[in-house]
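Engineer: Sequence:
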Amino acid sequence: MATHLTLSESAAKRVATIAEKQAKPAVLRLSVEGGGCSGFQYKFELGEPEGEDAVSETDGVKLVVDPVSLDLVAGSVVDFVESLGGAAFRVQNPNAAAGCGCGSSFGI
Numbered sequence: 003m004a005t006h007l008t009l010s011e012s013a014a015k016r017v018a019t020i021a022e023k024q025a026k027p028a029v030l031r032l033s034v035e036g037g038g039c040s041g042f043q044y045k046f047e048l049g050e051p052e053g054e055d056a057v058s059e060t061d062g063v064k065l066v067v068d069p070v071s072l073d074l075v076a077g078s079v080v081d082f083v084e085s086l087g088g089a090a091f092r093v094q095n096p097n098a099a100a101g102c103g104c105g106s107s108f109g110i
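Our numbering applies: residue 3 is where the sequence shown begins, and numbers increase by one.
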């Protein structure tokens with residue numbers, strides 16, 4: 003299974019802006035929790051890499067994922083999308099067999 007994760011340029015730019023405003027390092031942590039309308043949901047927060055985390059870097063901004071969540075998001079691309087419905091981080095997850103309209107939950 004591919005474990006590579008990618009942070010798009012638009013997502014990296016947005017993380018850098020948020021981190022600068024909050025005076026925190028430009029590190030986006032992606033984790034997966036049980037719940038949401040499809041079984042699992044994505045959670046985003048700023049945070050430093052820890053222990054066994056997988057780390058990907060784009061334009062100086064890091065994307066980190068814990069080993070348990072990595073099994074569910076391996077090969078994913080994290081993007082930042084702005085539309086009429088608002089602006090949000092979106093995960094293009096090749097492992098997701100089902101999703102929902104909100105874009106923040108998925109099923110395997």
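Calculated from the structure, these hints are not laboratory results. Please note that the accuracy of each hint is not assured.
Subject to a maximum C-alpha distance of 30 Å in a straight line, what follows is the list of computed DSSO-like cross-link-like pairs (lysine-lysine) [stated by the list, open to error]: (1) K26 x K45; (2) K64 x K15; (3) K23 x K64; (4) K45 x K15; (5) K45 x K64; (6) K64 x K26; (7) K15 x K26; (8) K45 x K23.
Engineer: Evaluate each hint against the coordinates.
Structural biologist: Structure-based check of each hint:
no.: 1; hint: K26 x K45; in the structure: holds, 18 Å
no.: 2; hint: K64 x K15; in the structure: holds, 11 Å
no.: 3; hint: K23 x K64; in the structure: holds, 17 Å
no.: 4; hint: K45 x K15; in the structure: holds, 19 Å
no.: 5; hint: K45 x K64; in the structure: holds, 16 Å
no.: 6; hint: K64 x K26; in the structure: holds, 12 Å
no.: 7; hint: K15 x K26; in the structure: holds, 14 Å
no.: 8; hint: K45 x K23; in the structure: holds, 20 Å
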